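These protein sequence lines map, in sequence, to chains A and B.
Okay, so the first sequence: first residue is 3 according to the numbering used here, each after it adds one.
Okay, so the second sequence: first residue is 78 according to the numbering used here, each after it adds one.
Simulated from the structure, these hints should not be mistaken for lab results.
Among the clues, some could well be false.
To be verified - If you anchor each label on the Cβ, the simulated ranges turn out as follows: (1) A:97 <-> B:126: 54 to 60 Å; (2) A:364 <-> B:180: 54 to 60 Å; (3) A:336 <-> B:150: 22 to 28 Å; (4) B:149 <-> A:69: 31 to 37 Å; (5) B:100 <-> A:97: 55 to 61 Å; (6) B:144 <-> A:344: 24 to 30 Å; (7) A:101 <-> B:151: 49 to 55 Å; (8) A:377 <-> B:180: 38 to 44 Å; (9) A:327 <-> B:150: 49 to 55 Å.
Nothing here was measured: the structure is a model prediction, and the numbers come from that model.
Note that beta-carbon positions come from the ideal geometry of N, C-alpha and C, so glycine has one too.
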Amino acid sequence: MSALAIYATLLTLPGLSQIVADLLAIAQGAGLSATAWTLGSPTRTWIEIVARALDAWGLVPSQAVKGFFLDLATDPGDAGDLTPDQTPRAGWLSALGLSWYGVQRGGQTYAAPTVTVKNTGTSPITFKPYQITAERNSVGSDGGSVTYRNTPDATKYTNVDGSITISAGASVVLPFQADRIGSDASAIVNAITVIVTQSYGPLSATASTAATGLDREAADAYRARCRVAAAGLAPGGPANAYVIAATTAKDGAALQRYDGSGPVGITTVYVSPSSATGVVTVYYSGPSGAVDATDVSSATANTWGVPLGVITDPRGIVPDTVTLAPTASDANTHTSGGASATDQAIAVTWSARIRAKDVPGGATAGTYTSGGAPPANVAALFTQAASALGVWLPSLGPSAKDPDVSGNGVVYTRDIEETIKGAVTGLYNVSASTPSSSTTAVPLGYVPIAGTISGTLVVV
Amino acid sequence: MGYFHDILTGRRPWRVPGTTIPIIPPRFLGENASKLLGAVGTVFDARAAQIRDGRAAAIPYAGWPGSPERACWADGTPIECEPNALPIHSTDRGIKLYATEPLLSQRIRLANWRQLHAQRGTAFGEIEHVRPYFADFAAAGGAYPTIRIVFQDNAGTPGATWHTIDPAGVRSVHTQRPSNWIWDAHPELRTRWWAIIHLPPGWTTYSATLWDSGALWDSGFLWDGIPAAVLADLWSMFYDWKGAHSWFGGLIVTALQPTDDLPEFPGTHPFDPASSNTTNANGSTNLPTFNWWTDRYLSGPLLGDPTRPYWATFYNMSNSY
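With these hints in hand, go ahead and build the complete structure from the sequences.
Written as structure tokens, this is what we have:
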């Protein structure tokens, strides 16, 4: 049993029935005929009352103790949190992370696109901030409409009463903000196509910008940032200092892209372990693999301590006389720097078995392939497996597993099989024929991503 | 019995505050009622103990054994977590635990995690990370070791800089120019460094005479009298605390103390930062003089002979080429 499991057991206080049993057993042991007490009798009733009070009270210290450990502490909205109101917000985990590690959990944000609003009528149209609702051309994850409201902008709403007037046939680019918080309201370019509000006159949306709404930082990702935070205290540039400089701002919040377009997308970092000449090689990657130049320059600025764009108070963790590689001169910081890892697509051909009853909705026994035309519920299993690989492979980061002193690592085929198995309940005898060897090399500077994923499923 | 048991059974006075009126009337304390309340109290006591242990699980270190500052419960047991909770603190605080590392060392390093992180990647920080390994020996009346880190710069006239923490914890830095730590002909590899531990007297059965002595030489679990696993952990404790831009050249361990005379170099001391390089009649040197980078002479009149002194153990040496 792991230490964590042992500790979790310690904190799993006995439930109501166990408390009652304990009380009766102790009383019986003391010489009372407690086991003969019938439910409803005065004494037995008192036992029940005491047990229920103890049970209800026990949750409080249990939760309080959990709040001292990163793996056990949670915020409302996290899995396992017992707060009655589960609206995602800061709780024990955020308090622990901020006070012990100086790291702030990334919160949800609203998508804020601009929409080009056109007056399609023959008369001027006047309105104020928050009076116009626009709508995305695709529904949200809950099936509901994703809408946006026009927000104030003193340079746009210039009428004396704070309104704007759009002449007949004219267009104006206006700022909007999503009505719902989080990634569900993110929008790609020109995805906002409908002006819902027509009560001020006929308006249409002729264009819109891309906008990203962020979900709250995942609890495990936040815990990981907390754990490397202390390395940021070090003046001597340990490897983890480069990791935290790539992800976390000096104030503990998620590092922002220097152009103000949101947090950096870097989630994994390779740092060369040793150098006899003072050179540190750094590669970055994100949830999908390679990251863009803005992420790299932002991380480089924070690593060197160079103010850049919205990064006005960078960390700076590079000791004297040290240079970074492989970038000799970053285009924005004009320092040496790390680089994005290059995607290395790994094709996977797998086969597995599953019992028909384990296929949601059931399935006819037989052999199905992802490239064929399996029933929708079987096709969904192929999708689940492919999606799991699509998430897991990039999560290994640059150089993947077991990098040697030169930074050349591997992906284990056995791990690929385990990932597929874990993605679909009931799957067994998972075998990957591609990659054909036990490992796939991931050279220095590369990050594994999912290539073509082909599956064969034998339903028995 | 426990606190709640004694209260509910009347063994411990429990009165209305400011009065002598008992909270539990005497009529409640008849034999059967007392037993029943005793059962309730016992369950309360068990719950209290569980919560106490849970709260203590957040505390890795109660203080130096035997010191008046050591925090203890009323029964004298230290207010600190059980050993099985240490790996959780290890993960949360970024302090790796090592297989042969004594428990006291683990607790001290976990308690001092911020201070250790704040010095990580510096020579003194690396020494401070290793020093607690010997804390249990010191707590038992022994001494801490003298630990040094030395590197050679690449100045016009290369110099050797020695960082030392002595058994009392006193730090010192000494730069010797020209260098007295001439590992090889590569001063351009300027971010290499080496760690030296003068084992405290009595810490192991290690002695200088064990070098190359029969079955003990580098064999199995013993390496010149020290378990190989111990050397591996000490090496890792240095390595894990270095900067990414530097190269750990290896761990050197000796049972000789800094004030001892070297066996073949009268008047000189082992790994003396201020010493000059000396070569004796058999060709061996008190400090590296272009020769310790390999363990055997590869040419010349000493071909095949050991280059490194027998009075020290060289573990996991790595030149970076």
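Okay, the hints, checked on the actual structure:
1. Take residue 97 (chain A) and residue 126 (chain B): their Cβ atoms lie about 27 Å apart, and the range 54 to 60 Å is violated.
2. Checking the proposed 54 to 60 Å range against residue 364 (chain A) and residue 180 (chain B) shows it holds: the Cβ atoms sit about 55 Å from each other.
3. A beta carbon spacing of about 59 Å between residue 336 (chain A) and residue 150 (chain B) contradicts the range 22 to 28 Å that was offered as a hint.
4. At about 25 Å, the beta-carbon gap between residue 149 (chain B) and residue 69 (chain A) misses the expected band of 31 to 37 Å.
5. The hint said 55 to 61 Å for the Cβ distance between residue 100 (chain B) and residue 97 (chain A), and at roughly 37 Å that hint is violated.
6. Against the hinted window of 24 to 30 Å, the Cβ-Cβ separation of residue 144 (chain B) and residue 344 (chain A) comes to about 56 Å, which falls outside the hint.
7. The hinted range of 49 to 55 Å is not satisfied by residue 101 (chain A) and residue 151 (chain B), whose Cβ atoms lie roughly 29 Å apart.
8. One distance hint, 38 to 44 Å for the beta-carbon pair residue 377 (chain A) and residue 180 (chain B), is violated here, with the actual separation near 58 Å.
9. A beta carbon spacing of about 54 Å between residue 327 (chain A) and residue 150 (chain B) agrees with the range 49 to 55 Å that was offered as a hint.
In terms of the numbered hints stated before, the structure departs from hints 1, 3, 4, 5, 6, 7, 8, listed from lowest to highest.
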